[in-house]
Every structure is written in C-alpha cells, then in structure tokens.
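I would like the entire structure built from these sequences, with the hints used as guidance.
If you're matching them up, the sequences are chains A and B in order.
Going left to right, the first sequence walks through residues 1 to 639 as the UniProt record's numbering numbers them.
Going left to right, the second sequence walks through residues 1 to 639 as the UniProt record's numbering numbers them.
No lab work stands behind these hints, which were simulated from the structure alone.
The structure displayed is predicted, hence computed values, not measured ones.
Errors might be hidden in some of the hints.
Label pairs and their calculated CB-CB ranges [stated by the list, open to error]: (1) GLY201/B with GLY395/A: 42 to 48 Å; (2) ASP203/A with PRO324/B: 41 to 47 Å; (3) GLY99/B with ASP203/A: 33 to 39 Å.
All C-beta atoms in this analysis are idealised placements derived from N, C-alpha and C, irrespective of residue type, glycine included.
Protein chains: 2
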Amino acid sequence: MERKEFRDLATPAEARAAIDSLSLEGGLERVSLEDARGRVLAARLDAELDVPGFDRASLDGYALRARDTFGADEADPARLEVVGEVHAGEEPDVAVEEGQAVEISTGAVMPDGADAMVPVERTDTDADGSEVLVRTSVAPGDNVMFAGADVAAGERALGPGTQVTPRDIGLLSALGIDEIPVRAPPTVGIVSTGDELVRPGEDLHSDRGEIYDVNSYTIAAGVEDAGGEAVLYPHAGDEQDEMERILREAAEECDLVLSSGSTSASAVDVIYRVIEEQGELLLHGVSVKPGKPMLVGRLQNSAYVGLPGYPVSAMMVFRTFVAPAIREAAGVPEPRAATVAGTMAREERYEEGRMRLMPVGLIEDSNGETLVYPVDKGSGATTSLAEADGVVEVGPETDYLEEGESVTVRLFSPDVRPPTLLGVGEDDPTLNRLLDGLENPRYLSVGTRPGLRRLREGVPDVAIAAGPLDREIRAATAAESERASGRAIDAEELGRWDHEWGLITRAGNPREVEGLADLIERDLRFVNRTSDSGLRSSLESALESVAADRDASARDLRESIDGFDLGLRAHESPARKVIAGEADVALGLRETADRLDLGFVPVDEQPVRALANPDRTSKESVRELAAALEAEFGTEADD
Amino acid sequence: MERKEFRDLATPAEARAAIDSLSLEGGLERVSLEDARGRVLAARLDAELDVPGFDRASLDGYALRARDTFGADEADPARLEVVGEVHAGEEPDVAVEEGQAVEISTGAVMPDGADAMVPVERTDTDADGSEVLVRTSVAPGDNVMFAGADVAAGERALGPGTQVTPRDIGLLSALGIDEIPVRAPPTVGIVSTGDELVRPGEDLHSDRGEIYDVNSYTIAAGVEDAGGEAVLYPHAGDEQDEMERILREAAEECDLVLSSGSTSASAVDVIYRVIEEQGELLLHGVSVKPGKPMLVGRLQNSAYVGLPGYPVSAMMVFRTFVAPAIREAAGVPEPRAATVAGTMAREERYEEGRMRLMPVGLIEDSNGETLVYPVDKGSGATTSLAEADGVVEVGPETDYLEEGESVTVRLFSPDVRPPTLLGVGEDDPTLNRLLDGLENPRYLSVGTRPGLRRLREGVPDVAIAAGPLDREIRAATAAESERASGRAIDAEELGRWDHEWGLITRAGNPREVEGLADLIERDLRFVNRTSDSGLRSSLESALESVAADRDASARDLRESIDGFDLGLRAHESPARKVIAGEADVALGLRETADRLDLGFVPVDEQPVRALANPDRTSKESVRELAAALEAEFGTEADD
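Here you go:
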C-alpha cells in the first residue's frame with residue numbers, strides 16, 4: 001500500500017460515517033443486581049411473579065368481612081369476635097367467618113374469608129382483647145393491596161436498552177431478580193507508540209527527550225466515560241516487530257483498537273502495513289483542526305482508529321468521532337444538557353478552511369452571563385484541555401468570531417462546572433494557598449504583564465501582579481496600546497502582600513554569593529524568570545539602581561550576567577535548575593528557597609497585588625477572595 | 001427512652017440541618033492514575049517538573065541559529081552545513097555552531113547552540129545531505145517549545161476538591177504522577193430488618209407473606225450514585241439481639257448507617273434502645289409526605305438515619321435528605337441541569353398540610369412541551385418510581401395543582417430521559433414485543449378501560465384497547481361522564497390485530513375442558529381477569545351470547561362460575577395460577593398458553609386496537625409505532 005498524503009481529506013461527516021460502518025459492539029454478559037447500576041439491559045425483562053405475591057394488609061388493624069361493618073359508625077360501632085392475629089412474614093393460621101375479625105400487621109397476609117381491613121385507629125378492643133369495636137364501615141378491598149396490584153406476573157417490566165437506575169433496581173429487587181443480562185461494554189485497546197514515551201511513575205530522562213505518555217491514560221479515561229472498557233497495552237516503542245505484535249494482539253482481544261501516533265514515520269508505516277495485510281483502511285485524514293492525521297479502518301476482526309499524536313488533538317478527535325460510537329455500542333445515551341450558550345469574550349480569528357474544534361474556557365460575568373474564551377497553548381501543549389470547559393465547533397466557512405458573538409459550547413461533560421473565579425497573572429505561592437480555600441477556582445499562571453493585559457481585556461475576574469506595579473502597567477499598556485485603545489487598567493486592589501526575593505543558591509551557599517554584585521562580577525551560571533514575570537521586573541529595577549550607583553549602563557550589567565536571558569516561567573523553576581546542578585544562582589523567593597532547602601541571599605522585597613476586574617467586584621467568588629486576603633493580611637489592603 | 005409519637009414533626013429544613021450536623025466524611029486514600037477518573041482530589045497537586053522537560057522541536061526540520069537565516073527567502077536561501085541529526089527520544093550528540101544545522105524530528109531535543117528551527121517544507125537539501133538551503137528566515141524561539149512552556153515546575157496544577165476528568169488525567173500524566181490522594185468515599189452501611197424480607201434470588205414463600213427486599217439494593221445503588229460506598233449487611237429479621245448486633249457492627253465499620261424500617265414495633269424499639277445506649281437521637285419524624293417516620297441520630301461514632309419502610313417513601317427520603325449529605329462528604333458536586341420545567345397534565349389535589357414529594361412522569365406533547373403527571377400506585381407500591389422521572393416538591397400550603405399549572409421537576413438524575421412514547425391500556429404480548437423495537441418507550445398496563453379514560457384525559461400518546469371496543473368506550477365514557485364532560489374519545493387507530501382467546505388449562509387439559517359450558521356446569525376453579533381488562537369484556541360478551549342461547553340470565557351464568565369475581569390484572573397472571581395449582585381453568589390468550597406450555601381451549605378471537613391521542617399523531621414516536629404495526633400487520637389498519 002502506498003503511503004497516502006493528506007491530499008483528499010474526508011469531511012467530518014464522512015469520518016463519522018466511516019466509524020459508524022464499523023461494529024464495536026461488545027456482546028452480552030450477566031451481572032448481579034449489586035453491579036447492575038448504570039448497565040444497559042440486553043433484553044426485555046418481564047415479571048415472573050406477582051408483586052405483592054399475596055393480598056396484603058396496608059396498615060395495622062383488623063382483617064374482617066366488609067359486609068360486617070356496613071352501617072357502623074362512631075355512635076354505633078360493629079362488634080366482632082377477635083379470632084386470631086397475623087404478623088408480617090407469617091402464614092395465617094386462622095380464617096375469618098361472619099362476625100369475626102383477625103388482628104393484622106402492616107404487610108401481613110390477609111387471612112382467608114377477610115375481604116377488607118380497618119385501621120387500628122378506628123377500633124377499640126375490650127379488656128381481654130377477645131372483641132373489637134369497629135367505628136367505621138369499609139368496602140370490600142379497603143386497605144388491602146391485592147396480589148399483583150403493584151406488578152402482575154407476565155407484565156413487561158423493563159425494556160431492552162434500559163440503562164439501569166436505582167429505581168429500576170427497586171423494580172428488579174421486587175421481582176426477585178438478582179442477575180440481569182446486559183450489554184458487555186465494548187473493549188477498547190489502547191496502543192501507544194514512540195521511543196520518547198515513558199509511563200507516569202517511571203523515571204524520565206529529559207536530556208534524551210523523553211516525555212510522559214499522556215494519551216494512554218487520558219484516552220482510557222475517555223473510553224470509560226463513554227461506557228467502554230479500556231485495555232492499556234504495553235508501550236511499543238518504535239521497534240517495528242514489537243509494534244506489529246502488539247497491534248495484532250490488541251486487535252485479537254478488543255472490539256476497537258486505538259493507537260495514538262508516534263511521530264516517527266516508521267510507526268505509521270507499520271500501521272499501514274498491518275492494516276493492509278490484515279484489514280482495510282477506510283479513511284486517512286479528516287478536514288478538521290486539530291485532528292487532520294486520523295486513520296479509520298479494520299484490523300483483523302476489530303475496528304481501528306488512529307488518533308493524532310498530540311494530546312490535545314488526540315482527545316478532541318476521540319471526543320468528536322470515537323466517543324459517540326463507543327456510547328452507541330455500549331447503549332449509553334448521549335449526555336444531555338451538555339451544551340451552554342455564551343458570548344465570545346474576545347475576537348478570535350481563524351482562516352484555515354477546515355472545521356475547527358476550538359477548546360474554550362468559560363467564566364460568568366457579574367450579570368451571570370457566560371463568557372467564552374479560546375484556550376490554546378500551542379499545538380504541542382499537552383495540558384491545555386485541563387484549562388478548558390468545552391468545545392466550540394467553528395465551521396470551515398467562518399473566518400473569525402467577533403467579540404460578543406453568541407456561540408454554543410459543547411461541555412466536556414454535563415458535570416463540567418465552569419470555574420467560579422478566573423484569575424491570571426503571576427505564579428505566587430501565597431495565592432496558590434489561598435486558592436485552595438475557594439470553591440473551584442481556575443488560575444492561569446501567565447505572568448504579571450500578560451495577566452494585566454488580560455485583565456484590561458476584561459475576561460478574568462482578578463489578576464495577580466508582582467513587582468513594581470506602575471512599571472508593569474506602563475509596559476502592559478505600551479505593548480498593547482493599539483488593541484487596548486481606550487481601555488486603561490482600572491482595577492480595584494483586593495489585597496497586597498510582600499515577598500522577600502533574592503538569589504537562590506545550593507544549600508549552604510557553597511559559592512559564597514553575597515548579592516547582585518557577585519552575579520555581575522563573577523563567573524556564576526544564573527537562571528532568570530521570563531520577562532513576563534514581576535520578579536524579573538524587580539530584578540531589572542534593582543540592576544538599574546546598581547547601574548546608577550556605578551554610573552554604568554543597566555544593559556552592560558545585564559549582559560555581564562551569564563544566563564540573564566534564560567528566563568523560566570514559574571516561580572520555582574529557576575530554583576529547580578540549581579537543584580539539578582544546571583545553574584549556580586537562581587532568581588526566586590525566600591519562600592521557595594526555604595521550601596526546597598536551598599540557600600538564599602536576600603536582595604529586596606517586592607509587593608504582590610491582587611487586582612479585581614472593576615466589572616466583577618460584586619461577584620461572590622471575588623468577594624470570597626477579598627475576604628480570604630483580608631483574613632490573611634488584615635486590613636492592609638485598604639491603605 | 002420513651003417511644004416518641006410523631007406529634008412534633010420537624011420541618012424539612014430542620015431535618016436537613018440535623019443531617020448536616022453529622023459527620024459523614026470518609027477520610028483519605030491514594031489511588032492509581034488508572035482509577036482516578038471521577039475521584040475527588042484531597043489536596044492540591046503542584047507540578048514537580050517542567051513540561052516539556054527540554055526545549056523541544058515542534059515540527060520535522062532543521063535546528064539552527066536564527067541569526068544564520070536573517071534575510072533568507074525563496075530567492076536567496078541561506079546555505080548551512082548539516083552536522084548531524086536528532087530523533088525523538090534521543091540525546092543530541094552534536095551541537096550547532098555558526099553556519100551549521102542539525103536535522104531534527106518533531107518532539108526531539110533541540111541541540112546545544114540552536115535557538116530556532118525551520119520546518120522541512122521551507123528547506124531543500126543537496127544530493128548527499130551535507131548541506132541544507134533554508135528558504136525563510138526565523139526568529140529565535142520559532143517552532144521550538146521551551147522547557148516548562150506547557151507547565152512549569154512549581155506551578156499549581158490541580159486544586160483540592162477537583163473531581164478528576166479525563167482532561168485532568170492528561171495533566172497528571174504529563175507531570176508523571178501515577179498516584180493521587182483522593183477523598184475516600186463515605187461508607188454507608190445498609191441494614192434492613194423485617195422477618196418478611198427475602199433477598200432477591202432466594203426462594204419466596206408468598207403464602208407466609210414474604211416479599212423481596214427492595215430497599216437494600218435500591219438504597220445501595222442510590223448511595224453509589226451519590227458517591228458513597230454501600231455496604232449491605234445481612235438481614236436482621238425481627239430478632240432483637242441479632243438486630244442490635246448488626247446495627248452495632250455497621251456503626252463500627254461505616255461512616256453512616258441507614259436502616260429501613262421493619263414495620264414491626266419491636267424493630268423500632270431495638271433501634272431506639274441502641275441509639276439511647278450508644279448514641280443520640282436528634283430527630284424523629286419529618287413533616288413531609290412520603291417520609292414522616294424518619295430518624296436522625298448518632299450511633300457510636302457513626303451517623304445514623306432511619307428511613308421509612310415502604311420503598312417509595314424510603315427512596316424519596318433518601319434522595320431528598322440523605323443523598324445530598326453523602327455527596328457533600330464525598331466532595332461530589334450537586335448534579336447540574338437536573339430540573340426541567342413542565343405543566344401539569346391534570347389537576348392534582350392535596351390537602352394534608354405537609355410538604356409533599358410527588359413522584360411524576362414526564363411526556364412531551366407534539367409541540368415539545370413537557371407535560372407532568374403524578375405517578376402513584378398507593379403507599380405500599382414498591383415499583384412506582386421505575387415509572388417516574390422525577391419529583392415535584394409541593395409546599396404544605398398548596399391544596400391543589402391545576403391542570404396547565406407550571407411546575408419544576410427535579411429529575412432523578414441529569415441522565416434521566418423522559419420516555420419518547422407513553423402508552424397505556426391492555427397488557428398485550430404483541431405490543432410488548434413491538435415496544436422492544438422503539439427507543440425508550442414507557443407502557444402502563446392499567447387495562448383497557450382505564451387506558452381509554454386516560455387517553456381521553458389527554459396525557460398518553462397511545463392507548464391499547466382489547467375486546468369489544470364500542471362496549472369499552474361506552475363503559476369508559478359512562479364511568480367518567482362527569483369529569484369528562486365534553487371530551488369524547490376521538491382517537492386515531494394506528495393498527496389492529498386479533499388474539500385468539502379462551503380457557504387455559506393444565507398441560508394436556510387433564511380435566512377435559514371443552515368450552516364455556518364446562519365452566520358454567522362443572523365444578524372447576526376458574527381465574528378471571530380484572531374488569532378493567534378487554535379480555536374480561538370479551539368473556540362477558542361471550543357469556544351473554546350463551547345466556548341468550550339458553551334463555552338464561554347472564555348474571556346467573558356468571559355466578560355459577562367458581563372464581564368469576566377473582567380478577568387478575570396482567571394477561572399472564574391467571575395462567576400462572578393454573579401452573580401453581582390454584583385453579584383448573586384460567587382466562588387467557590393462546591399465545592400465553594403456548595409460551596407457558598399449557599393447554600388451551602379456544603373460545604373466540606378478540607380485536608386489539610392501538611389508538612393514538614389525536615393531538616400526538618405527528619409525534620415521531622407515534623409514527624414509529626404506527627410503522628412497526630404496519631410492518632407487522634400490513635395495511636389492515638387502514639381498513
């Protein structure tokens with residue numbers, strides 16, 4: 001088979017049709033009632049018995065012949081002889097004749113001869129219990145539940161395809177059914193290939209480009225969400241024979257095989273060859289972004305879908321094309337109410353002519369209206385879906401979505417709760433701790449400057465800004481001056497705290513670093529934060545002071561520091577380079593140095609400010625964050 | 001402790017507060033990534049490493065120094081020496097100097113010295129691959145994903161309380177985390193008491209009033225729906241010592257003990273005594289219907305709730321008061337979008353002054369509007385919840401709900417799908433089979449006459465009427481003439497079929513029954529259908545013919561048949577009495593006799609008609625039923 005190029009991409013509808021043409025069904029199995037919840041009945045179940053199985057007293061009282069009470073009332077009660085009693089779970093050992101009654105408990109079998117009962121509250125007994133006075137009249141059948149009144153033998157109880165709820169379990173229990181035939185979940189084998197992949201929990205060698213395998217567990221969880229049973233196969237690496245062996249084994253054992261692509265050409269070649277020899281390729285490439293490199297076919301007696309290698313692409317393709325087919329085979333209904341309407345929080349351009357599956361995050365504005373913003377860390381990012389709530393499908397003819405445009409978001413599941421609070425900005429240890437006390441917050445550690453920009457664009461509820469604020473606002477405003485015209489940063493300060501910052505060294509400070517002068521003058525390998533970070537601004541501002549003192553240029557000082565341009569994004573990352581032995585000195589906070597048992601040379605304090613979007617100050621989550629800050633730092637925020 | 005009467009009933013709010021005051025939390029546990037889906041994180045997880053862990057090529061192409069491409073374009077490409085190659089999963093063994101490039105695969109480690117890469121599509125190589133022509137210029141960082149760009153070490157990854165989704169599993173995988181701390185589900189011990197209860201699957205002795213235990217498995221399934229772990233304890237019966245032992249054992253082992261009441265006073269006494277000795281009773285009796293007899297307290301170190309004994313009451317109380325507390329302890333969010341708005345399909349009176357939890361069924365009219373009707377088979381019914389979709393809470397001050405009044409229905413779960421088709425009427429084997437082919441139908445076997453009445457009231461989509469239709473319609477109209485004023489039955493016939501009916505005997509017809517005359521003249525024990533059934537009407541009509549032939553009164557003939565008044569509701573039930581040896585002859589269909597291997601003496605054929613609500617003939621499910629009937633019986637329906 002020739003290796004096809006993605007020239008004739010299938011439409012999304014053709015891809016769906018190709019997958020629908022495969023059979024994924026998992027057959028039947030029997031499960032006990034205890035394991036029946038959520039399973040899908042494979043056949044109709046009819047009642048094999050009456051419920052109740054006998055004429056049953058509905059109350060505590062007396063079983064009797066209705067005719068004997070005719071005309072009885074409070075003034076003129078009927079007097080009957082009490083000839084016995086029946087309790088629940090007992091066979092009556094007495095029959096009721098004319099003029100007689102039997103004491104009976106709720107749920108007990110009505111004795112022969114009785115056709116009605118009177119509740120105890122409408123009766124009196126004489127001292128020795130041998131007679132009962134009935135102060136009301138009843139009709140035949142009163143207060144009796146007849147055999148089969150609830151369910152009658154032979155009645156249709158549950159239809160095929162019923163997904164068993166606790167209420168259905170009640171019905172099955174009542175019918176005495178302790179095992180039911182259900183659809184077996186389709187088994188889905190997950191094969192991942194690629195020499196660079198390492199299973200979570202194992203050691204990772206980043207120096208040779210290893211990364212953790214994201215797709216296997218993520219797709220497995222998606223399979224189980226959709227009602228399938230996931231089977232993880234061992235890593236195939238890029239060795240062809242081994243890869244072929246694993247593919248064939250998975251095809252033999254499973255109803256569907258999913259591979260997620262090694263990026264190497266050899267892996268794709270093996271898959272092509274195995275499909276050619278042992279199956280059929282139905283489709284290669286779909287006009288959708290992300291997800292173009294998708295394969296659909298048959299492998300031996302199993303269905304086969306090849307997912308893209310990038311985790312975000314793999315998951316989007318899985319959700320859009322594969323999960324519905326698994327649900328269908330499992331008999332699990334499509335999730336309901338899994339869409340929400342919202343408006344675009346900002347313009348989004350897109351001009352590729354393919355359908356786009358755009359992961360988005362949601363946030364409510366203070367009127368409770370849902371704002372929608374694209375989540376995209378770039379195609380290689382593995383984790384951006386954890387920051388998204390759902391997907392907007394954008395048609396191939398749509399070039400851009402305007403700010404304020406209405407869109408429909410398909411939530412990742414009906415359980416998805418958009419965050420109560422959306423924060424952006426500096427990665428800060430104090431804030432991280434406070435967020436733990438809030439319900440379902442989301443925080444995007446984009447750095448101080450991008451955080452301020454986003455705050456001005458109006459999407460997040462709060463931004464956390466570290467370092468010299470005026471400088472940051474100036475920078476953020478300047479960088480975005482065109483787009484931001486007319487939108488000054490006009491935020492309300494919710495709280496402020498200080499961090500001692502400085503130079504982090506190995507434990508015990510073996511190189512005897514004393515301050516910035518050592519960085520400038522000595523041959524020390526330094527690791528900085530990115531220029532988006534407030535701490536970097538604090539450092540630059542400190543270097544400017546040194547430069548002024550020395551009558552030197554700040555630029556010269558910066559250039560004299562080995563590694564000044566190597567900026568890392570998160571507050572702990574530089575310190576970790578020191579631990580790894582890749583640097584002598586890192587920019588960081590005392591808090592970080594203490595936590596990681598490293599040396600620390602203080603330089604200065606820097607303020608961190610929590611700033612609220614002025615349109616969101618009345619939002620509950622923003623008030624909760626303000627209260628948490630107040631509790632942590634007292635009323636300083638009001639200074 | 002004195003046995004309290006239900007004099008001072010707590011309000012629903014007080015009951016909720018009492019349960020909230022108990023601690024149900026299950027502590028912590030660690031689970032592997034494979035078992036993490038849906039679990040609730042017990043602590044914040046921060047990134048312990050950068051993702052990716054190295055500067056990573058985003059595409060296949062050449063790693064190089066951006067400066068070496070400045071000014072290059074299609075017309076004037078830059079020419080660089082190719083000094084090596086790096087694949088994904090390999091450690092680079094070469095560095096890039098000025099004027100050099102390294103061939104690199106997607107996902108591979110950027111070699112030292114390179115600060116950007118060019119995709120292969122923008123390059124040409126010479127024949128021996130020793131040089132590459134770069135036809136574009138790139139900036140530093142282009143097509144490179146820097147270490148930590150996705151997630152940076154030290155960043156807050158997932159907050160405490162996160163319910164783990166497949167996307168979160170992606171993030172955890174990327175961070176190499178293969179085990180996470182989660183909240184242990186609260187363990188809930190389920191104790192059921194009562195001598196009359198038998199576990200499903202075991203033999204049932206209806207003659208001594210045994211019934212299957214409905215509450216244990218139903219409540220267990222409800223506990224698991226709410227995120228708890230259910231533990232079923234063996235049946236306690238009504239023996240006091242054993243009951244006490246089991247209650248104490250459950251309290252020792254579980255976070256919450258639920259008992260569902262034996263109706264016997266002795267069981268309640270034991271529970272009181274154990275709580276008095278080893279705990280505290282917080283509340284007895286709630287002003288809600290169903291559910292008044294509810295207990296809340298502490299038992300040793302466990303929380304305790306006593307549920308009512310009747311399954312419907314037990315489940316309603318569980319859902320309303322207990323499930324939210326289990327969800328809270330499990331950290332599982334309240335289901336969202338679990339309510340729908342609808343209008344009452346008929347008036348419902350209620351004058352008890354307690355809050356009522358009214359189970360309701362839902363059906364869409366042809367405009368897609370949701371109609372709501374109460375589901376109530378009487379307080380002893382065990383199975384009515386399987387016919388309901390949700391609950392309407394009716395306040396104590398509401399005396400009645402008008403037809404057409406808007407109500408809010410809390411669905412039993414967000415997954416609940418109201419039936420696509422609501423049918424009522426005769427229990428019929430042909431229909432039962434056809435229903436299997438429809439998606440999610442609901443059929444209430446109420447009998448022909450009540451089915452016709454309901455059809456006229458306008459709630460169901462279709463009614464199935466058996467027997468002499470005119471007679472049935474006359475009866476249905478007469479019986480309901482006051483309420484139904486102005487509403488004639490004006491139904492559209494969707495299909496019609498015939499059943500041969502007659503007398504069902506033991507296999508081989510040992511009593512040599514030949515026809516109705518034997519029933520009248522001989523001493524045979526007979527079992528009839530209820531007067532709601534069309535088959536009963538057919539029988540009565542046949543007896544009227546016999547009476548006319550003999551010049552006798554039909555009433556005398558009926559009275560001469562032993563068991564004529566013993567009517568059973570479902571079409572198979574009389575035949576089952578014959579199998580059980582409780583009758584010699586049963587009224588029934590040939591189909592039933594054949595299926596159960598019994599003897600059959602034909603009497604006549606009776607027509608069965610599928611009648612559609614005239615307002616629903618355009619509903620998709622009604623059209624599907626009509627098509628199924630057409631496929632089964634041809635075009636007879638159009639006669």
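Consistency of the hints with the structure:
| no. | hint | in the structure |
| --- | --- | --- |
| 1 | GLY201/B with GLY395/A: 42 to 48 Å | violated, 54 Å |
| 2 | ASP203/A with PRO324/B: 41 to 47 Å | holds, 44 Å |
| 3 | GLY99/B with ASP203/A: 33 to 39 Å | holds, 37 Å |
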